[in-house]
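*Asks:* Chain by chain, the residues:
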Amino acid sequence: MTAAPDPEVVRAIGEHPLFRGLDAAFVHAVAEQATERRFAVDERLATEGTPAEVFYLVTDGKVALEIGSADQPHLTVETVGAGEVLGWSWLVPPHRWRFDARAVKATRTLVLQGEVVRRTLAHHPTWGYLFLVRFMPVLADRLENTRVQLLDLHAR
Amino acid sequence: MLAEPPPEPADPADEGHPFAPIPYAVRAVAAETPDTVTLTVEPRGSRRIGPPQPGQFVMLYAFGIGESPIGVAGTGPDGLLVHTVRNVGRVTAALTRLTPGDTVGVRGPYGHGWPVAEARDRDIVVVAGGLGLPPLRPAIYRLLQQREAYGRLEIVYGARTPKDLVYYEEIQGWRRRRDLRLQVTVDAAGREWYGDVGVVTTRLPDARFEPSRTTAFVCGPEIMMRLTAQALVARGVAPEATWVSMERNMKCAIGLCGHCQYGPSFVCRDGPVLPYSSLAKLLPLREL
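Chains as they are written, first to last, in this note's numbering: chain P, 1 to 156; chain L, 157 to 444.
Isolated chain L, as found in the complex:
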């Protein structure tokens, strides 16, 4: 008796296939820095991805070139999504060249984001380095929407130079608020800059929070996250309450391919936001 023939593999172009991107139209492009843009995209038709939670990511598809995992920097009505993309490779180069009216593919949202709801009643420290700010932006706005539900809110943002700061106008708005405390620092600056200079960890001693009741959200280059987490833990913040967003080579984004494996975790599925307690021994390891 002949075996049952295997089912036809699903066509990735089919609606509902996990790898099928949904077409979105680029509504606006804003230059942040010479190599970084913020894209606002909206669904072309009735199909759209589910509502992303702060800290989740999507796969953005530059048609004919490839996909790249990009954190969600904002959402809006009617399925609108905001992504800040830096040109660091072939796909992101194509994404940063998009203009209003162009089409981009979107699938997601994926992974676990910042535990904003779980951090209610606690002090919050948000530490962003460079393009670590965009994935934190939705968490910041979620916290501000429910500001009375949280204790102190400290934001520390570091970039390479003043011209590498993203969301400059928004940051000025945050600076004027009385319900959060913002510190912005750069690694080096010319005389036109009257703000802080020094790596982001140099600003942590000035951050005001009660360590035993603090939750920290940290996103940026991996070494920066490691040093920041170490500094926060040294000050008394629990490793389990110190969350970092890992970046790895995500391909499938649904925990199948293993490209983003990091120790026992698939960053796309188990992360990208993970507690420092689960990473402390892995972060110093080379080539992991």
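So here's chain P without its partners, still in its complex pose:
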């Protein structure tokens, strides 16, 4: 048996654009084990290659998505701010972070457990469908933005 989610966290999740307007029972279900967490500037939210057990609803601040290697300086490819979602690796096997994520401003987040949300989506396909209709544009926008970045418009 799990403890009831913090009502403040449930309320905050329900007010985030990703969940706003969705069934209150669904919001309550995904809020299980969800927490609020703050990150200081330069604090890391995710590390490439490590298990993506959570995802973040950013409520304030800014997070840089970075990619890098030992022989190359880290490159920020996108920033995510208030009202946005950080992380989709929790949804897609093998559930490992594809990027590093670092706070570039003092950042407040709601941390949702990927396993809890996956289980809820699987048990309630209608909620699952409605949620994915909300979540897919996040992925689609990131894909489109990456394509435009690849055009390197300003290089001409």
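Keep in mind that a hint or two might mislead.
[To be verified] Quick list of the computed label-pair ranges, beta carbon to beta carbon: (1) P/E43 <-> L/A436: 42 to 48 Å; (2) P/R44 <-> L/R331: 23 to 29 Å; (3) L/L236 <-> P/E48: 29 to 35 Å; (4) L/A184 <-> P/E53: 54 to 60 Å; (5) P/I67 <-> L/G257: 43 to 49 Å; (6) L/L236 <-> P/R44: 46 to 52 Å; (7) L/A305 <-> P/P93: 53 to 59 Å.
[Unchecked claim] Quick partial rundown of chain L residues pointing at chain P, CB under 10 Å, derived from the structure: (8) L338; (9) T341; (10) G354.
Hints are computed from structural coordinates only; laboratory data are not their basis. Just so you know, even glycine gets a beta-carbon here, dropped at the ideal spot from N, CA and C.
Please arrange chain L on chain P, whose structure you already have, making use of the hints.
*Replies:* Relative to chain P, chain L alone:
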């Protein structure tokens, strides 16, 4: 009876000939980025071009090399002009090598600029990509001069990397103002950059304006302008109120030669600033 001989063609070197450049002296050169400079020029004598309106362009002549259409980035007293030039070819390479005291030819101003006066009482969204900011700069200052005549003022500026941002000091000044809202983003950055990263359209959802009473001024690479205009229109801004500045191969600059023809328009004469409503079907076409 013999026909009347045709009149002698006017000598382009004659004062008043539409192709005769007016000599201007370079007063100052400021490096913006490794390949971009801002030139401040002033008339060498009493002749000068008419006062440019925000968004108009001039033909800058590097003597002995050629002319290039360059947007007016600023004006000042006594006919002073400001142009920001990026080295992308033979003429612009010569222009970016100019030093104070050198002479450059100027003719213009040409075309239709931003409809700043027509946008009174409306919210204004200015979206600039890369070197799209210089042609917007006079419009921004015109808006700020008459700030109370307009609603919200949102500026979104995107560049390739932080080192490609132009007017860096000025931008810091705009950031401190309370009567406008500025978002600056770059396509990619290292860890020294704590600002936004992402293409310029990613910042539009954060821009605050009332779409039904908004006029947008957009300038940058063509694909960026298309995507930006689409995003603004999707948010409810009227296509007729979404203005973009087209760049084409302007030669004569007075609607004679046709080099800059774009669909039914000559960009030099009918533009460069045109409403998105007249371009929406043309912008996705290739090789137009």
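*Asks:* Using the C-beta atoms of P/I67 and L/G257, is the stated range 43 to 49 Å upheld?
*Replies:* Given range 43 to 49 Å: holds, Cβ gap about 48 Å.
*Asks:* Could you check if L/L338 really has its C-beta closer than 10 Å to a C-beta on chain P?
*Replies:* violated (15 Å)
*Asks:* Against the range 42 to 48 Å, how does the distance between the Cβ atoms of P/E43 and L/A436 compare: consistent or not?
*Replies:* holds (45 Å)
*Asks:* With respect to the beta-carbon atoms only, verify the hint that L/A184 and P/E53 lie 54 to 60 Å apart.
*Replies:* holds (57 Å)
*Asks:* Is the gap between the beta carbons of L/L236 and P/R44 within 46 to 52 Å?
*Replies:* For P/R44 against L/L236, whose Cβ atoms are near 50 Å apart, the range 46 to 52 Å holds.
*Asks:* Is the gap between the beta carbons of L/A305 and P/P93 within 53 to 59 Å?
*Replies:* Holds, at about 57 Å.
*Asks:* Quick one: are L/L236 and P/E48 within 29 to 35 Å, going by C-beta?
*Replies:* violated (52 Å)
*Asks:* If you take the shortest Cβ to Cβ gap from L/T341 to chain P, is it below 10 Å?
*Replies:* At 8 Å from the nearest chain P Cβ, L/T341 passes the 10 Å test, so the hint holds.
*Asks:* That 23 to 29 Å hint for P/R44 and L/R331 (C-beta), does it hold up?
*Replies:* Given range 23 to 29 Å: holds, Cβ gap about 27 Å.
*Asks:* Taking the least C-beta to C-beta distance, is L/G354 closer than 10 Å to chain P?
*Replies:* holds (5 Å)
The earlier numbered hints that this structure contradicts are 3 and 8.
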